[in-house]
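If you read the sequences in order, they're chains A and B.
Take 0 as the starting number for the first sequence in numbering that gives the first Met the number 0 and just add one per residue.
Take 0 as the starting number for the second sequence in numbering that gives the first Met the number 0 and just add one per residue.
Incorrect hints may have been included.
[Unchecked claim] Think about it this way: if two alpha-carbon atoms lie no more than 20 Å apart in a straight line, the pair counts; the simulated EDC-like pairs of lysine to aspartate or glutamate are: (1) B:Lys372 with A:Glu2; (2) B:Lys372 with B:Glu201; (3) A:Lys1 with B:Glu366; (4) B:Lys106 with B:Glu130; (5) B:Lys300 with B:Glu2; (6) A:Lys1 with B:Glu370; (7) B:Lys122 with B:Asp195; (8) A:Lys14 with A:Glu2; (9) A:Lys1 with B:Glu130; (10) A:Lys1 with B:Glu365; (11) B:Lys79 with B:Asp51; (12) B:Lys5 with A:Glu10; (13) B:Lys300 with B:Asp138; (14) B:Lys372 with B:Asp361; (15) A:Lys1 with B:Asp295; (16) B:Lys79 with B:Glu45; (17) B:Lys300 with B:Glu285; (18) A:Lys14 with A:Glu4; (19) B:Lys79 with B:Glu52; (20) A:Lys1 with B:Glu371; (21) B:Lys106 with A:Glu2; (22) B:Lys122 with B:Asp138; (23) B:Lys122 with B:Glu45; (24) B:Lys79 with B:Asp125; (25) B:Lys5 with B:Asp295; (26) A:Lys1 with B:Asp195; (27) B:Lys5 with B:Asp325; (28) B:Lys300 with B:Glu338; (29) B:Lys5 with B:Glu308; (30) B:Lys372 with B:Asp295; (31) A:Lys14 with B:Glu366; (32) A:Lys1 with B:Asp361; (33) A:Lys14 with B:Glu2.
[Stated by the list, open to error] Covered stretches of chain B, as calculated for chain A (at least 3 residues, CB under 8 Å): (34) 43-50; (35) 325-338.
[Claimed, not checked] Computed from the model, here is a short list of chain B residues facing chain A with C-beta under 10 Å: (36) Val3; (37) Gly260; (38) Asn264; (39) Thr341; (40) Leu342.
Since the hints were derived computationally from the structure, they do not count as laboratory data.
The beta-carbon is built from N, C-alpha and C at its ideal position, and this holds for glycine as well.
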Amino acid sequence: MKEREVRQRIESFLKRTARELVVPASVGLGLALSGCDHTGLKVARDAAADTARSASPDTILADATLAKDSVANNPDLANQPDLRLPDASMPAPDARQADLPAQIVPYGVFIPPDATVPDTRADAGRPDAGTDVEAGTADARDDVRTPDARPDTRQADLPTIAPPYMVAPLPDAAQDMPTVMPPYMSPPPYMAAPFDPPQLPPDSPPAPSPPPAPPPPTPAYLGTSFGPTPPPPPPPSPPALPTVTPPATVLPTPVPPAKAPE
Amino acid sequence: MLEVLKRAGMVPRACAWELTLGCNLRCRHCGSAAGPRRADELTLEECLRVADELGALGCQRATLTGGEPTLYPDWDVVGKRLAQHIPEVSLISNGWVWTARHAQQAKAAGLRGVAFSLDGLEKEHDCFRAEGSFRRVVDAVGHTLAAGLPVGINTTIHRLNSRQLPQLRQFLIDLGVRHWQLQFAIATGTMAENRDLVAPPEERLWLIPQIAELCRARDSRIAIYASDHVGYFGMPERDLRTGDTSMPFWLGCRAGCHVLGIESNGNVKGCLSLPSQVQGESRFVEGNLRQSSLRDIWNRKGGFAYNREFRVEQLGGFCAVCRFRDICRGGCTWTMYAESPTLATGNPHCFYHQAVKHGRHDLLDEEPTAEEKAYFG
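Okay, chain A solo, but in the shape it has when bound (with noise of 0.2 Å):
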């Protein structure tokens, strides 16, 4: 989307959410100017009574503690912080919010309303097929661990990682896209771009020259059929690495490069 449809777009938001804001003042406004004022939309029946009525004390601050917003119903408003933002204590309207994106917040979570649940019991289908949950074999509070007594080692060990210098140049965008494409999908234009992919076997240990990169798979997701992915390709032996002896003494701590000029 180029720019300036992003910034239409924000207008026209911006033009409509003002218009919902401008609309019940002028209103106000058409009826103050037709002749409306606030006493003459309150028309009491009895006026006498209520004078009598209001001129009592009591039921003055019977009247005040009616009032939701009332210093007499909340204590505390008198040292309520300034509000400044607009609508900062009112839930939006589902309308307004509807115009932006769902948020996705990083480690939230997100499972939109209508979400439901696969069968995935192996029996689904069947007309004899049991619906009871199977119940737990140990009680969840029993079963929590305490949470210092595991150290960190029970971790595999994460494999030799090509160190900065040795990664490969770096990749065109949309390399890893598929060059099949189902019918009832059409490319987006950022898969148009050819690509080569960079290969970092992750289990190699690194090596002076990388082994030629296998052309890259088409991803399942995007093949003409979304059956199971074929079993890949044998990956390429590694080359010979003639053994290194380390050298005797302790070399000092690399340190790492330092950040390049954007």
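Chain B: place on chain A using the hints.
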């Protein structure tokens, strides 16, 4: 653009709540450096009060997280109280101790669903988390589906698993997972000690189109969501944003505007991912729920200033000259912080930034401006 967020209502519609920092794993990429519990975590009574306050503020989606939230003894009680006020309440777990009983507790509490962290295929997942962790997550998914709860998977992308997304997708479909959230590992917390495992910014040039393509497929078997720190702009942008909206593009960080984070000791931040006292950083803590009500903290004059009082002059690096700078505001604040605590170096993990930097104008919707090109010489 901040005005858009204001017009939509400055309401904490989404909240991530760290019930405990205690965790039974020590993952290499943990952004909050979870492990030991905090010494001063909120009691159940305090949590229930906070749950009521959160509902009263208009929150629409709350996620119970941690650490490992099930290590908080009454996580289901808190979840149930939240569910009385908030339509979408869910929980994210590492699955290490998740049993069928946990799933039943979550169901009984009224949670919308449960998500588990799965960071790659078995080998890559286990070497980032714990040996045997992958199988436990698979079992946990089965328990949860059997209890009738929708299951989501959150995958943190790093250097070891960045090439596994298509295979992982197929695996999740076969497992019965219907919701998959993708996010990048960011060098804060424990991951700050493992910076070499963060996917380099240049890889955004092929990773983000791939994620966009996964999102775009709109496969009925699995819905894929890109996290808010994945983007921004360029051709993939529209496909990254979830929802059928009139503005399907990034509108800037919503921390402290539409998003809220609560730490287990009651500290409130605009987003739970932002660093805190565990990382020796306190400027993002807006208040504590033992001293102030949530409403007071949210409405406090001058609060969440890094977003609510944002000025484009705050931006540095390429972001300062970017054509989208007033809309994007530098992208995810957390990601920017990981690059520089001053937030003034820009966001090199941005797709547009990398496309301009490497001359991949064919991935953009229009030619970069002269100022943008000049920035990279």
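Verification of the supplied hints:
Distance restraint check for lysine 372 of chain B and glutamate 2 of chain A: the Cα-Cα separation of roughly 16 Å lies within the 20 Å cut-off, and the hinted pair is therefore satisfied. Among the hinted pairs, lysine 372 of chain B with glutamate 201 of chain B is consistent with the structure: their alpha-carbon atoms are about 17 Å apart, no more than 20 Å. A C-alpha spacing of about 10 Å is found between lysine 1 of chain A and glutamate 366 of chain B, which places the hinted pair at or below 20 Å, so the restraint holds. The suggested pairing of lysine 106 of chain B with glutamate 130 of chain B is violated, with an alpha-carbon distance near 28 Å, which exceeds 20 Å.
Using a Cα cut-off of 20 Å, the hinted pair lysine 300 of chain B and glutamate 2 of chain B holds, with the two alpha carbons roughly 17 Å apart. Distance hint between lysine 1 of chain A and glutamate 370 of chain B is fulfilled; the C-alpha atoms sit about 17 Å from each other, no more than 20 Å. Annotation: proposed proximity of lysine 122 of chain B to aspartate 195 of chain B holds, straight-line Cα distance about 18 Å (limit 20 Å). With a C-alpha separation of about 18 Å, the suggested pairing of lysine 14 of chain A with glutamate 2 of chain A holds against the 20 Å cut-off.
Distance check on the hinted pair: lysine 1 of chain A and glutamate 130 of chain B sit about 47 Å apart at the alpha-carbon level, beyond 20 Å; violated. With a C-alpha separation of about 6 Å, the suggested pair lysine 1 of chain A and glutamate 365 of chain B falls inside the 20 Å cut-off, and the hint holds. A hinted pair counts as satisfied when its Cα atoms are at most 20 Å apart, and lysine 79 of chain B with aspartate 51 of chain B qualifies at roughly 11 Å. Between the alpha carbons of lysine 5 of chain B and glutamate 10 of chain A the distance comes to roughly 14 Å, so the proposed pair stays at or under 20 Å and holds.
A hinted pair counts as satisfied when its Cα atoms are at most 20 Å apart, and lysine 300 of chain B with aspartate 138 of chain B does not qualify at roughly 48 Å. Using a Cα cut-off of 20 Å, the hinted pair lysine 372 of chain B and aspartate 361 of chain B holds, with the two alpha carbons roughly 14 Å apart. For the suggested pair lysine 1 of chain A and aspartate 295 of chain B, the alpha carbons sit about 40 Å apart, so the restraint of at most 20 Å is broken. Only pairs whose Cα atoms come within 20 Å are accepted, and lysine 79 of chain B paired with glutamate 45 of chain B is accepted, the gap being roughly 15 Å.
The straight-line distance between the Cα atoms of lysine 300 of chain B and glutamate 285 of chain B is roughly 11 Å, inside the 20 Å bound, and the hint therefore holds. For the hint pairing lysine 14 of chain A with glutamate 4 of chain A, the CA-to-CA distance comes to about 15 Å; that is within 20 Å, so the pair holds. Under the criterion of a C-alpha separation no larger than 20 Å, the hint pairing lysine 79 of chain B with glutamate 52 of chain B is consistent with the structure, at around 14 Å. As the CA atoms of lysine 1 of chain A and glutamate 371 of chain B are separated by approximately 15 Å, the hinted pair is consistent with the 20 Å bound.
Restraint check: the Cα-Cα separation between lysine 106 of chain B and glutamate 2 of chain A comes to about 45 Å, which exceeds 20 Å; the hinted pair is violated. Note on lysine 122 of chain B and aspartate 138 of chain B: the hinted pairing holds, with a Cα-Cα distance of about 16 Å set against a maximum of 20 Å. With a CA separation close to 40 Å, the supplied pair lysine 122 of chain B and glutamate 45 of chain B exceeds the 20 Å bound. Pair hint lysine 79 of chain B plus aspartate 125 of chain B does not hold up; C-alpha atoms about 32 Å apart against a cutoff of 20 Å.
Taking the CA atoms of lysine 5 of chain B and aspartate 295 of chain B, the gap is about 18 Å. The hint holds against a cut of 20 Å. For the hint linking lysine 1 of chain A to aspartate 195 of chain B, the alpha-carbon distance of about 35 Å lies beyond 20 Å, and the restraint is violated. Using a Cα cut-off of 20 Å, the hinted pair lysine 5 of chain B and aspartate 325 of chain B holds, with the two alpha carbons roughly 14 Å apart. For the hint pairing lysine 300 of chain B with glutamate 338 of chain B, the CA-to-CA distance comes to about 28 Å; that exceeds 20 Å, so the pair is violated.
This hinted pair checks out: lysine 5 of chain B and glutamate 308 of chain B have alpha carbons roughly 12 Å apart, not beyond 20 Å. Note on lysine 372 of chain B and aspartate 295 of chain B: the hinted pairing is violated, with a Cα-Cα distance of about 45 Å set against a maximum of 20 Å. For the given pair, lysine 14 of chain A sits about 28 Å from glutamate 366 of chain B by alpha-carbon distance, which is inconsistent with the 20 Å threshold. At roughly 13 Å between alpha-carbon atoms, lysine 1 of chain A and aspartate 361 of chain B fall within 20 Å of each other, so this suggested pair holds.
For the suggested pair lysine 14 of chain A and glutamate 2 of chain B, the alpha carbons sit about 11 Å apart, so the restraint of at most 20 Å is met. Counting residues of the region 43-50 of chain B whose beta carbon lies closer than 8 Å to any beta carbon of chain A gives 0, which falls below the threshold of three, so the coverage claim is violated. Three residues within the 8 Å Cβ limit are the bar, and the region 325-338 of chain B against chain A gives 3, so the coverage statement holds. The beta carbon of valine 3 of chain B is positioned within 10 Å of a beta carbon in chain A (closest approach about 6 Å), and the interface hint is therefore held.
Taking 10 Å as the C-beta cut-off, the interface hint given for glycine 260 of chain B holds, the closest approach to chain A being about 8 Å. A hinted interface residue such as asparagine 264 of chain B counts as satisfied when its beta carbon comes closer than 10 Å to some beta carbon of chain A; here the least separation is about 15 Å, so the hint is violated. Here the hint on threonine 341 of chain B is broken, as its CB sits about 14 Å from the closest CB of chain A, past 10 Å. Given the 10 Å rule on beta carbons, the hint for leucine 342 of chain B is violated: about 15 Å separates it from the nearest Cβ of chain A.
When each numbered hint is compared with the structure, violations occur for hints 4, 9, 13, 15, 21, 23, 24, 26, 28, 30, 31, 34, 38, 39 and 40.
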